[in-house]
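Work out the full structure: start from the sequences and follow the hints.
Spelled out from the first residue to the last, the chains are:
2 protein chains.
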Amino acid sequence: MTRLAQPQAQQQVAPPPLDPPVRLLMGPGPSNPDPRVLAAMTANPVGHLDPYFVELMDQAMAALRRVFRTENHHTLPVSGTGSAALETIMLNLLESGDEALVAVLGYFGQRLAELARRAGARVRTIEVPAGEIVDPAAVDRALGQLPAKLVAFVHVETTTGACQPIAELAAVARRHNALVALDCVTSLGGMPIEIDAWGIDAAGSCTQKCLGAPPGLGPLTVGPRAMAAVRARKQKPATWYLDLSLLFQYWGEQRGTRTRAFHHTAPVAAIYGIHEALRLLLTEGLEARWSRHQAAHEALARGLDGLGLSLFTPPAHRCPTINVISVPPGLDEARVRNRLLEAGIEMGGGLGTLVGRVWRVGVMGYNAELATVERFLGALDQALRAEGWRA
Amino acid sequence: MTRLAQPQAQQQVAPPPLDPPVRLLMGPGPSNPDPRVLAAMTANPVGHLDPYFVELMDQAMAALRRVFRTENHHTLPVSGTGSAALETIMLNLLESGDEALVAVLGYFGQRLAELARRAGARVRTIEVPAGEIVDPAAVDRALGQLPAKLVAFVHVETTTGACQPIAELAAVARRHNALVALDCVTSLGGMPIEIDAWGIDAAGSCTQKCLGAPPGLGPLTVGPRAMAAVRARKQKPATWYLDLSLLFQYWGEQRGTRTRAFHHTAPVAAIYGIHEALRLLLTEGLEARWSRHQAAHEALARGLDGLGLSLFTPPAHRCPTINVISVPPGLDEARVRNRLLEAGIEMGGGLGTLVGRVWRVGVMGYNAELATVERFLGALDQALRAEGWRA
Chain A
394 MTRLAQPQAQ QQVAPPPLDP PVRLLMGPGP SNPDPRVLAA MTANPVGHLD PYFVELMDQA
454 MAALRRVFRT ENHHTLPVSG TGSAALETIM LNLLESGDEA LVAVLGYFGQ RLAELARRAG
514 ARVRTIEVPA GEIVDPAAVD RALGQLPAKL VAFVHVETTT GACQPIAELA AVARRHNALV
574 ALDCVTSLGG MPIEIDAWGI DAAGSCTQKC LGAPPGLGPL TVGPRAMAAV RARKQKPATW
634 YLDLSLLFQY WGEQRGTRTR AFHHTAPVAA IYGIHEALRL LLTEGLEARW SRHQAAHEAL
694 ARGLDGLGLS LFTPPAHRCP TINVISVPPG LDEARVRNRL LEAGIEMGGG LGTLVGRVWR
754 VGVMGYNAEL ATVERFLGAL DQALRAEGWR A
Chain B
394 MTRLAQPQAQ QQVAPPPLDP PVRLLMGPGP SNPDPRVLAA MTANPVGHLD PYFVELMDQA
454 MAALRRVFRT ENHHTLPVSG TGSAALETIM LNLLESGDEA LVAVLGYFGQ RLAELARRAG
514 ARVRTIEVPA GEIVDPAAVD RALGQLPAKL VAFVHVETTT GACQPIAELA AVARRHNALV
574 ALDCVTSLGG MPIEIDAWGI DAAGSCTQKC LGAPPGLGPL TVGPRAMAAV RARKQKPATW
634 YLDLSLLFQY WGEQRGTRTR AFHHTAPVAA IYGIHEALRL LLTEGLEARW SRHQAAHEAL
694 ARGLDGLGLS LFTPPAHRCP TINVISVPPG LDEARVRNRL LEAGIEMGGG LGTLVGRVWR
754 VGVMGYNAEL ATVERFLGAL DQALRAEGWR A
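Residue numbers (my numbering), protein chains in the order written: chain A, 394 to 784; chain B, 394 to 784.
One should not assume that every hint holds.
[Stated by the list, open to error] Facing chain A, according to a computed beta carbon distance under 7 Å, are these residues of chain B, among others:
hint	residue
1	L418
2	G420
3	M434
4	G440
5	Y445
6	S476
7	E480
8	P608
9	H657
10	H668
11	E669
12	L675
13	A779
14	G781
[Claimed, not checked] Facing chain A, a subset of chain B residues (Cβ under 7 Å, in silico):
hint	residue
15	L411
16	P413
17	V415
18	T435
19	V439
20	E507
21	A622
22	W633
23	Q647
24	A663
25	Y665
26	R732
27	A736
28	E739
If you are wondering where the hints come from, they were derived from the structure by calculation, not from laboratory data.
A virtual CB, placed ideally from N, CA and C, is assigned to each residue, including glycine.
Now the structure itself:
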């Protein structure tokens, strides 16, 4: 059998062509982006100072404000993932020697505390057992003992599925004159968030969960009290890349500004993506999307109940976006996840103290659909049966 | 004429659909990505811990090593733009009180110095007039007077087009026992770079120039001497998002590691993009791509000469990737750029001290082709004629 000669040397150095498997992404994120968002990322590339792109930046900022439910001018997608948006908050709002208080429900609360420490703050934490939430009275006591410049909360703790009543917590923090920072990575776009009505000074999120875009940008909003704190800094932030003052020289310090100072080259394709994701979201309607997530979550919860599985998170703290399921005793949870992966479905395992004890199932963005939930439940049923498990 | 009823309220809040103009991007970057790279970004999305994705990360790291010409294990695309790669170097290699020396040829040298200052270093600069490069003897003298932990150079200063003999400069710095950091944003993939042979300890670049991908990732390589300095830090870096120790818990601290600790959710679509861009580059051949850039640059230089225009950068310091053209006296340079933009072609204006005095024309990546250069020259000729200018 003859074969055509191949350029052997080149074959040795170039990686093989991309050939990813088809996956239904039902873990804690990324979830599957809307295919229209991926298509948008291939639209005609323009420069980051092109008049068309400047217009698009304004549109994306305005759309993000609607999704955050805020009038904050300082609202933009940071050129990094959700973690970068949260780091932007901490490195700009805090500086060496500042006091910060962080409510810790799990891994992502610990991460907020670590980000604040890296910013040079003295950080106190309020920690609760996995699945629980922080009592506003505990925040009140902690701030009564020692005031803090900033108090940080995670809206939905992705490791435990616990969702906090942010309006109440923020009100306590503001009574003590603290800035309120919010991690809404696993809630933005999938359930009610009211940045202004709740009195949040800074919030960061991601694109790959309820917004239905790929990971890569960090939606961020910063209110006037927080921007005043940024302007009153004694020292520049350690970060130049995520320096809010510099970012808004490019994104526009005032609405309607047409001249933009170069800072870094914006990730144009990713911003096309979030623009399309926000357009799809606002065309669907924000409340309609929240309802769609709620309906998908309820269908999943009913189905899990039918399979004899129960949610780890106490009913009072559950949210629609991330469903944390207790692994039944005697089951090898990793084998179940592997069986699902072989069937083309990714679900998440536990993180931190919950490794081996829970599965994490995201019903988010494009995947928050009844048909998708049904497919997932069917495959999970099969995987459980294959492992010989009966409720 | 009857029209179908439209959901009026929703139309008010959703931004209009994306509709970017077709542009030939001949500025200092972004340049047009290869359409195959954009297509790759829409491939089946997988999770950031998917076994397929872990394999892809290894392939991308290996391919990046080949493009940087290094054996450095610690080579990866940072989840931010080129600026983030450079910030990663400074925030990890430097800490409070360290001495740093930065050679400044223009805006991007100043940026390196600012990044080093933000990292807490005491920064000295060696500054040269626009278009000039730094004399290795000046670096030798400066380090003789006071040693530095790190010396930073820009390979190609994008504002002036000046390209430095990095091997010589790095040798001087290493004789003084300093770490050598390199900004190769406007050179990687388009002209010879030899990270190991030149003795570079850390280098950062971008995706949107000679690699032919959209902006969004920051290729980075860090050598063993630099990683030893990172491990010897007295304090953690202020950045968690760009902390090298944490990044490599996810990307793999050793070659062949299959278990990856979650850090941040990798920008999967962007990594598909750089994987395809690197595959295309290594299939073409690195030296072949350098030659293609050189040929396109020479064609452009000949064409500019034919139009009566001259390059700002002294011949001895010119490079193929960015062509900085002196604006002839009496011409309104912004009007010429606007005419080109109306014809669908973006070229860059001056930055910093060269505003109004130069144009910047990138011949990079997918655009480093003779036919593209010819189209550009034809359009520039027309724009100059329309402005009534004759050589």
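A quick look at each hint next to the structure:
1. L418: holds, 6 Å
2. G420: holds, 6 Å
3. M434: Where the cut-off is 7 Å and the nearest Cβ of chain A is about 6 Å from M434 of chain B, the hint holds.
4. G440: Nearest chain A Cβ about 5 Å off; hint holds.
5. Y445: Where the cut-off is 7 Å and the nearest Cβ of chain A is about 6 Å from Y445 of chain B, the hint holds.
6. S476: OK, holds: S476 of chain B within 7 Å of chain A, min 4 Å.
7. E480: holds, 5 Å
8. P608: holds, 5 Å
9. H657: Given a least distance of 4 Å, the restraint on H657 of chain B holds.
10. H668: holds, 6 Å
11. E669: Constraint on E669 of chain B satisfied, holds at 6 Å.
12. L675: For L675 of chain B, the interface hint holds, since the closest Cβ of chain A sits about 4 Å away, which is under 7 Å.
13. A779: Because about 20 Å separates A779 of chain B from the closest Cβ in chain A, which is outside the 7 Å limit, the hint is violated.
14. G781: violated, 25 Å
15. L411: OK, holds: L411 of chain B within 7 Å of chain A, min 5 Å.
16. P413: holds, 4 Å
17. V415: It holds, given that the least Cβ distance between V415 of chain B and chain A is near 5 Å, below 7 Å.
18. T435: holds, 4 Å
19. V439: For V439 of chain B, the interface hint holds, since the closest Cβ of chain A sits about 5 Å away, which is under 7 Å.
20. E507: Cβ of E507 of chain B sits 6 Å from chain A, so the hint holds.
21. A622: For A622 of chain B, the interface hint is violated, since the closest Cβ of chain A sits about 17 Å away, which is over 7 Å.
22. W633: Holds, about 5 Å.
23. Q647: Nearest chain A Cβ about 20 Å off; hint violated.
24. A663: holds, 5 Å
25. Y665: Because about 6 Å separates Y665 of chain B from the closest Cβ in chain A, which is inside the 7 Å limit, the hint holds.
26. R732: Hint on R732 of chain B: violated, closest Cβ of chain A at ~14 Å, above 7 Å.
27. A736: Check failed: Cβ of A736 of chain B comes no nearer than 14 Å to chain A, outside 7 Å.
28. E739: Result: holds, 5 Å to nearest chain A Cβ.
Going down the numbered hints, you'll see the structure goes against 13, 14, 21, 23, 26 and 27, while the others check out.
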